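Going by my numbering, the first residue of the sequence shown is number 1, and it counts up by one from there.
Treat the hints with caution; some may be incorrect.
Unchecked claim - The calculated DSBU-like cross-link candidates involving lysine-lysine, where the alpha carbons are at most 30 Å apart (straight line), are: (1) Lys564 x Lys551; (2) Lys315 x Lys262; (3) Lys483 x Lys575; (4) Lys473 x Lys265; (5) Lys452 x Lys439; (6) Lys231 x Lys262; (7) Lys222 x Lys246; (8) Lys164 x Lys44; (9) Lys265 x Lys443; (10) Lys254 x Lys215; (11) Lys315 x Lys443; (12) Lys242 x Lys215; (13) Lys308 x Lys222; (14) Lys551 x Lys599; (15) Lys170 x Lys262; (16) Lys331 x Lys242; (17) Lys118 x Lys164; (18) Lys164 x Lys262; (19) Lys222 x Lys331.
What the hints assert, rightly or not - For each label pair, taking beta carbons as the anchor points, the in silico distance ranges come out as: (20) Ala167 x Asp441: 15 to 21 Å; (21) Phe307 x Arg252: 53 to 59 Å; (22) Lys577 x Thr461: 51 to 57 Å; (23) Gly76 x Phe307: 54 to 60 Å; (24) Pro450 x Glu224: 35 to 41 Å; (25) Val431 x Ser32: 39 to 45 Å; (26) Pro302 x Arg104: 56 to 62 Å; (27) Glu224 x Thr461: 54 to 60 Å; (28) Asp410 x Thr250: 34 to 40 Å.
These aren't lab readings, by the way, just hints derived from the structure by calculation.
A quick note: this is a predicted structure, and the numbers were derived from the prediction, not measured.
No residue lacks a Cβ here, since even glycine has one placed at the ideal position from N, Cα and C.
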Amino acid sequence: MESTAFDIRTNNTEFDPDVLEEAFFRTFGNFSEDEKTLLSDAWKFLVEKTGNIMRSCGKPYILHPMRVGALLAEKGMDAQCIACGFLHSIFEIDGITTDEVESRFGKTIASIVRDTSKITSLKINSKTIQQADSIRKMLFAMIDDVRVILVKLADRLDRMRNLKAIAPKKQRLVAAEVLDIWAPLADRLGMQNVKSEMEDLSLKYANPDVFQQIKRIVAQKKDERAAYLEKAVNEIYKRAEKIGIKVQITSRAKHFYSIYQKMRKRNKGADELYDLLALRIICTTTTECYTLIGIVHGLWKPMDGRFKDYIAMPKSNGYQSLHTTVVCEGKPLEIQIRTADMHNMAEHGIASHWLYKKGMNHDKVDVNSLGIFNQLQNLKEENLTDESFFTRLKGELLGDEIFVFTPQGDVVQLPAGSCAIDFAYHVHSAVGEKIVGAKADGKIIPINTPLKNTQIIEILTNPQAHPTENQLKSVKTGKARQKIHSWLVANDPTFVDKAAEAQREAAIAANNGKSRRIQEEKRSHRKGSGMDASKALLEAYTGNVKIDNTKNVLYTLAGCCCPKVGDAIVGYSSKNKGIMIHRADCLTFLRIPNIENRKVEVEWEQRTGNRPQ
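Work out the full structure, taking the sequences as your base and the hints as a guide.
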């Protein structure tokens with residue numbers, strides 16, 4: 001989603017909806033007649049509902065949706081997705097319903113727009129565990145149709161490009177959210193150019209002084225830098241031509257946010273960094289990639305530890321390339337080598353192999369080739385608390401990763417910061433439970449020490465060993481954490497599950513509060529009516545229980561607390577007795593294993609007049 005060729009000028013005549021539509025189709029003309037009709041209908045519907053609305057910045061409401069649609073069109077997305085870009089915020093307008101959108105544009109578009117709107121309405125603050133459920137809903141929507149997130153990424157990117165219109169404090173909040181959630185998500189979807197632009201724009205608003213400092217330094221000695229790069233490029237062209245390999249080479253200064261990260265990591269100013277330049281070599285075949293790395297290393301001395309082979313070991317987002325850093329005329333020069341197909345995937349990610357177009361089947365879209373979809377599917381099938389989901393999200397789905405090897409040469413991908421215990425549980429739960437030591441590249445290492453890229457890891461076990469609480473504190477992966485936690489709960493009487501205790505206390509407090517409110521309501525009702533309690537309750541309730549707002553579901557009243565009609569109640573799914581109903585303040589209920597994930601909504605069925613609802 002690089003800067004679009006579609007230009008919306010500030011001239012007021014260009015705000016005319018018909019002029020905008022005409023400009024869109026003039027810029028993006030590769031649509032069938034049916035697709036044009038769909039897009040034109042979506043645009044006219046948007047204009048009809050919002051054409052007179054102005055945003056707080058003083059510009060028409062319709063400009064942002066048009067730019068979002070243009071970003072998606074530039075990516076080559078299908079007409080349905082682009083139409084959703086036009087309509088992505090339509091539910092902000094009073095009176096517009098899902099049924100209306102569905103009747104006009106079909107179920108698929110209505111579903112994507114509805115889910116995109118839900119994500120827009122979520123108040124995502126990734127610093128707090130309490131917001132994990134919001135992020136969970138957003139990511140799980142992506143499993144059903146990845147276009148939900150692609151529309152949302154286009155929306156976020158356009159808002160970042162036009163962030164200068166809002167107050168500085170809000171700019172920083174939006175920038176922080178983009179850095180924490182949206183840029184890493186774009187990265188996980190393989191959309192490198194979207195990720196880089198989002199990061200640079202976030203830095204511009206989150207830390208404007210540093211941004212301007214880097215901008216000045218990058219701009220300095222531009223001619224000198226161009227001559228240096230041109231000389232290196234010509235050397236590579238000359239050698240490649242000699243052996244009959246056709247290449248395309250581009251040179252660039254690194255992205256500002258990448259430079260900023262290097263400044264923080266090395267504790268240096270931008271003017272003290274030398275590896276700010278990079279070359280990218282595009283060739284035709286994988287074999288040529290490896291031939292070219294030999295040419296580059298023959299021309300200049302490679303820097304130790306800076307060669308990475310992402311072709312043999314692709315990243316989980318599908319990224320493939322060879323990376324090396326060489327010393328050219330006394331300065332570090334980063335070089336990437338990849339095929340044209342690899343470059344297309346690196347720049348556009350999931351959108352590069354989009355197959356919705358031209359009537360092709362939804363099932364042919366190979367979204368599951370990206371690791372994040374498999375990880376999300378696994379998370380969806382697990383009953384995780386908000387805290388554990390949040391930890392998994394930040395550490396595994398949106399965090400950095402490393403690649404290590406088994407002694408047999410198999411590649412194991414782990415979140416950055418993982419230790420030998422994580423590796424052991426990745427191999428097999430039984431190996432993780434019995435780990436006592438580990439070797440990295442043949443040398444003994446502490447089992448809680450973070451592993452490094454490309455190490456060969458060997459696990460030492462003992463049949464008498466078992467998981468410990470210290471191991472629980474050391475691990476990074478959700479699998480290792482869950483397995484160790486389960487073992488400790490089942491086998492270690494001294495283990496105190498602090499998170500579960502805190503959750504139980506909060507539940508008790510909440511349920512007690514609910515119970516007190518209902519009892520007060522009952523007392524108030526008795527005083528006001530002058531009836532005795534039992535008669536008042538018989539007037540108010542049928543005596544039956546509704547489960548998830550549904551009647552005629554099998555349930556059993558618990559014998560431990562004997563809930564009576566009108567009591568505050570809670571319920572959970574049991575194996576043999578249907579839904580078990582307890583009083584809300586029942587301590588037995590709160591001690592039931594995994595109760596948070598088994599709870600269902602229950603309430604006493606109320607009467608309407610003399611008839612039950």
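We went through each hint and held it up to the structure:
| no. | hint | result |
| --- | --- | --- |
| 1 | Lys564 x Lys551 | holds (18 Å) |
| 2 | Lys315 x Lys262 | holds (21 Å) |
| 3 | Lys483 x Lys575 | holds (24 Å) |
| 4 | Lys473 x Lys265 | holds (25 Å) |
| 5 | Lys452 x Lys439 | holds (12 Å) |
| 6 | Lys231 x Lys262 | holds (26 Å) |
| 7 | Lys222 x Lys246 | holds (28 Å) |
| 8 | Lys164 x Lys44 | holds (29 Å) |
| 9 | Lys265 x Lys443 | holds (27 Å) |
| 10 | Lys254 x Lys215 | holds (11 Å) |
| 11 | Lys315 x Lys443 | holds (27 Å) |
| 12 | Lys242 x Lys215 | violated (38 Å) |
| 13 | Lys308 x Lys222 | holds (29 Å) |
| 14 | Lys551 x Lys599 | holds (17 Å) |
| 15 | Lys170 x Lys262 | holds (27 Å) |
| 16 | Lys331 x Lys242 | holds (26 Å) |
| 17 | Lys118 x Lys164 | holds (25 Å) |
| 18 | Lys164 x Lys262 | holds (26 Å) |
| 19 | Lys222 x Lys331 | holds (15 Å) |
| 20 | Ala167 x Asp441: 15 to 21 Å | violated (53 Å) |
| 21 | Phe307 x Arg252: 53 to 59 Å | violated (20 Å) |
| 22 | Lys577 x Thr461: 51 to 57 Å | violated (43 Å) |
| 23 | Gly76 x Phe307: 54 to 60 Å | violated (33 Å) |
| 24 | Pro450 x Glu224: 35 to 41 Å | holds (40 Å) |
| 25 | Val431 x Ser32: 39 to 45 Å | violated (55 Å) |
| 26 | Pro302 x Arg104: 56 to 62 Å | holds (59 Å) |
| 27 | Glu224 x Thr461: 54 to 60 Å | holds (58 Å) |
| 28 | Asp410 x Thr250: 34 to 40 Å | holds (35 Å) |
Of the numbered hints listed earlier, those contradicted by the structure are 12, 20, 21, 22, 23, 25.
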